[in-house]
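> Residues per chain are reported as follows:
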Amino acid sequence: MGQYVARRVLQAIPLLLIITFVLFGLIQEMGDPLSFYGGRGRIRPEDRARLMKQLGLDKPMVVRYLVWLKNMAIGNWGNSLSTRQPVAAMIAERLPNTLLLMIASQIVTAALSLFLGIYSALRQYSLFDNFLTTLSLIGYSMPVFWLALVLIYVFGVYFKRWGLPYLPVGGVYDLSVGKTPGQVVWHMVLPVLTLSLPYIAGYTRYIRASMLEVIGQDYVRTARAKGLHEHTILYRHALKNAAIPFVTVMGLDLPFLLGGAIVTESIFAWPGMGRLFWEHAGKSDYPVLMAILLLISVSVVVFQILTDMCYTWLDPRIRYS
Amino acid sequence: MAQAQAVDLPVRTRAAQTERPATGLIQIRWRLFQRHRMAVLSAGLLCLILAYVTVGALVFTEDYANRTDLSKGLQAPSWQHLFGTDRTGRDVLTRTIYGGQISLVIGLASVCISIFIGLLIGALSGFYGRWIDSVLMRFTEAALNIPQLFLLIVLAKLLGSRLAPIALFGRTFSSSMIIVIGIIGVTSWMYEARLIRANFLALKEQEFVTAARAVGVKDHRIILRHILPNTMAPIIVSATLGVANAILTEAYASFLGLGIQPPTASWGSMLESAVPYLQAAPWLWIFPGLLILLTVMSINFLGDGLRDALDPRSIQQ
Chain P
0 MGQYVARRVL QAIPLLLIIT FVLFGLIQEM GDPLSFYGGR GRIRPEDRAR LMKQLGLDKP
60 MVVRYLVWLK NMAIGNWGNS LSTRQPVAAM IAERLPNTLL LMIASQIVTA ALSLFLGIYS
120 ALRQYSLFDN FLTTLSLIGY SMPVFWLALV LIYVFGVYFK RWGLPYLPVG GVYDLSVGKT
180 PGQVVWHMVL PVLTLSLPYI AGYTRYIRAS MLEVIGQDYV RTARAKGLHE HTILYRHALK
240 NAAIPFVTVM GLDLPFLLGG AIVTESIFAW PGMGRLFWEH AGKSDYPVLM AILLLISVSV
300 VVFQILTDMC YTWLDPRIRY S
Chain S
0 MAQAQAVDLP VRTRAAQTER PATGLIQIRW RLFQRHRMAV LSAGLLCLIL AYVTVGALVF
60 TEDYANRTDL SKGLQAPSWQ HLFGTDRTGR DVLTRTIYGG QISLVIGLAS VCISIFIGLL
120 IGALSGFYGR WIDSVLMRFT EAALNIPQLF LLIVLAKLLG SRLAPIALFG RTFSSSMIIV
180 IGIIGVTSWM YEARLIRANF LALKEQEFVT AARAVGVKDH RIILRHILPN TMAPIIVSAT
240 LGVANAILTE AYASFLGLGI QPPTASWGSM LESAVPYLQA APWLWIFPGL LILLTVMSIN
300 FLGDGLRDAL DPRSIQQ
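In order, the protein sequence lines correspond to chains P and S. At position 119 of the first sequence the residue is numbered 118 (numbering that gives the first Met the number 0), and the sequence of numbers has no breaks. At position 76 of the second sequence the residue is numbered 75 (numbering that gives the first Met the number 0), and the sequence of numbers has no breaks.
For reference, chain P alone in the conformation it holds in the complex (with noise of 0.2 Å):
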């Protein structure tokens, strides 16, 4: 098994290569990143070739992409182009609060679709099967922003308007109430509606189909025979199977998270990674950007190594040498 991982990472390693060398390359040509420096006149062109030098951003970009790898080999994120702080500070005050969001929306999406789609599997056909298949679709199909903007609709502007415990709109929490945690809870609850919510469908969607495909499997039958408790049959015998390529998908999925919704979290004006790149993407601020981006990818790697590890667990059979 350790054979086995450190040989994944070792194929990670050219593969994280070539994408960040051509993600650094494309990032070059995004943007500006002195259109900030000039306030609000234009930077005379003696002072930016002198910032230019400064920043290092005269030399080419093969070079400044060595420069940025090997300050990355010895943790050393650089600072941001536009605003000079430290990007690993402004990622360390960032990060958390997409953590937030995503753990807890994932704990909803994993709880529900679990329980949803095994409960409507086990109802083929049945009204509540019918019903949540074609909800399902409806909310896979449902725009994340358009669901943020019926969400604060309904929770944000009517139950305000008649009177009843309204929902926040935006913010992590109220500047006069101050950052409790029950403020931050409560300042969560649309923004983790809207992530969930298609995340929800479209996992309940694979549930179902592959409990289906699970149940009517011979070894089921087997635990019938044996007298087992229907309870045990389902969670500790089909479950575990039929978990497979949620854990797949969920594996793909998460790492993702990390970078944070961009969309929700600019809807919603939650401080997280999304927004982070979000501001830092029209400057060309290529330290803040690769450091997002990195991020993501080397998540991926190390989720993909997670989640076959746990496919040894949930199906004993697969063996990796």
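Just so you know, these hints were derived from the structure itself, not from any lab. Hints may be right or wrong, so weigh each one.
Unchecked claim - Derived Cβ-Cβ restraints for the label pairs, each shown as a range:
(1) S:D62 / P:K69: 57 to 63 Å
(2) P:G1 / S:H219: 44 to 50 Å
(3) S:R137 / P:A224: 45 to 51 Å
(4) S:H219 / P:G170: 54 to 60 Å
(5) P:H228 / S:L49: 49 to 55 Å
(6) P:E229 / S:W130: 48 to 54 Å
(7) S:V274 / P:G1: 50 to 56 Å
(8) P:R316 / S:G128: 26 to 32 Å
(9) S:G128 / P:K178: 53 to 59 Å
(10) S:V274 / P:F158: 18 to 24 Å
Every residue, glycine too, gets a C-beta built ideally from N, C-alpha and C.
Based on these hints, arrange chain S on the given structure of chain P.
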């Protein structure tokens, strides 16, 4: 992310037992498709949406869609303006008609691009194997490692509006449309490539390919005339679902202000410009959003139905 429909089991109704046995293959496919009631309904709904954006354009001119009248700004839906008016007094209904054309064209065109790239990479990789396969698949993995929206932002900012507007079908499209189509196509071919590779891998070992080789058929002909037709069904399904995803992606891009530039509208850009009026003028975002939802949903249902109808395993039942 991964196409969630890929492993889903079909929703079948049990009306089929009394049917007379179908004879032709197309007839069988059609019967199977019909059993999927939601898919049939969706196909009808999709036709209605297509009629909406085409016939609607014959009723209202594009000039009318872009005509501003500040004295009529932000009017709620009425008989005169069924979907209300926006801040500058433009008729929202007419704008959803023309915006819908853009959204649908982007959806279709970008899928053509992504299928083309996916086919190229998947076919070469699956057919030739060995180092071509490893190189192309590593490349595919690299592309999959970055979330689509991030890649899309990078490319959109990179290309900006460096192209000139083009005229097509008597309408002038801003260059942003070409860029959006290209970008969505270039960022969404990876699943198609993997799917097509997997099919090619399986099919190239079959006897009919060996037979074709034995009589000296050239490689490109084997790929295009022998293997490709046999893998059409999953490609059609994946392309159908791809259109739905592309329409959604366009909406996201437009929502971030990266998509279609004014005065041309798309459903996504209409939503984006409606955000400041979330509370004051809900009709600005409700209607374009509903249209996106209905379109994407019916395409998804259609794709589901097509999969059931085209899946060779479902014929034996």
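> Is 53 to 59 Å respected by the C-beta to C-beta distance linking G128 of chain S and K178 of chain P?
57 Å, holds
> Take a look at whether the Cβ-Cβ distance between H219 of chain S and G170 of chain P falls inside 54 to 60 Å.
With Cβ atoms ~58 Å apart, the hint holds.
> Starting from the hint 50 to 56 Å, judge whether the C-beta atoms of V274 of chain S and G1 of chain P obey it.
51 Å, holds
> Honestly, do G1 of chain P and H219 of chain S meet the 44 to 50 Å range at C-beta?
Distance hint for G1 of chain P, H219 of chain S holds at roughly 45 Å.
> Go ahead and decide if the range 26 to 32 Å is satisfied by the Cβ distance of R316 of chain P to G128 of chain S.
Holds - the Cβ-Cβ distance for R316 of chain P and G128 of chain S, about 27 Å, lies within 26 to 32 Å.
> Assuming the hint says 57 to 63 Å, is it satisfied by the Cβ distance from D62 of chain S to K69 of chain P or not?
58 Å, holds
> Can the suggested window of 18 to 24 Å be confirmed for the beta-carbon pair V274 of chain S and F158 of chain P?
19 Å, holds
> Does the beta carbon distance between H228 of chain P and L49 of chain S stay inside 49 to 55 Å, or does it fall outside?
53 Å, holds
> Assuming the hint says 48 to 54 Å, is it satisfied by the Cβ distance from E229 of chain P to W130 of chain S or not?
Holds: the Cβ-Cβ distance is about 52 Å, inside 48 to 54 Å.
> Range first: 45 to 51 Å. Now tell me if the beta carbons of R137 of chain S and A224 of chain P are that far apart.
Holds: the Cβ-Cβ distance is about 48 Å, inside 45 to 51 Å.
Checked against the numbered hints given earlier, this structure breaks none of them.
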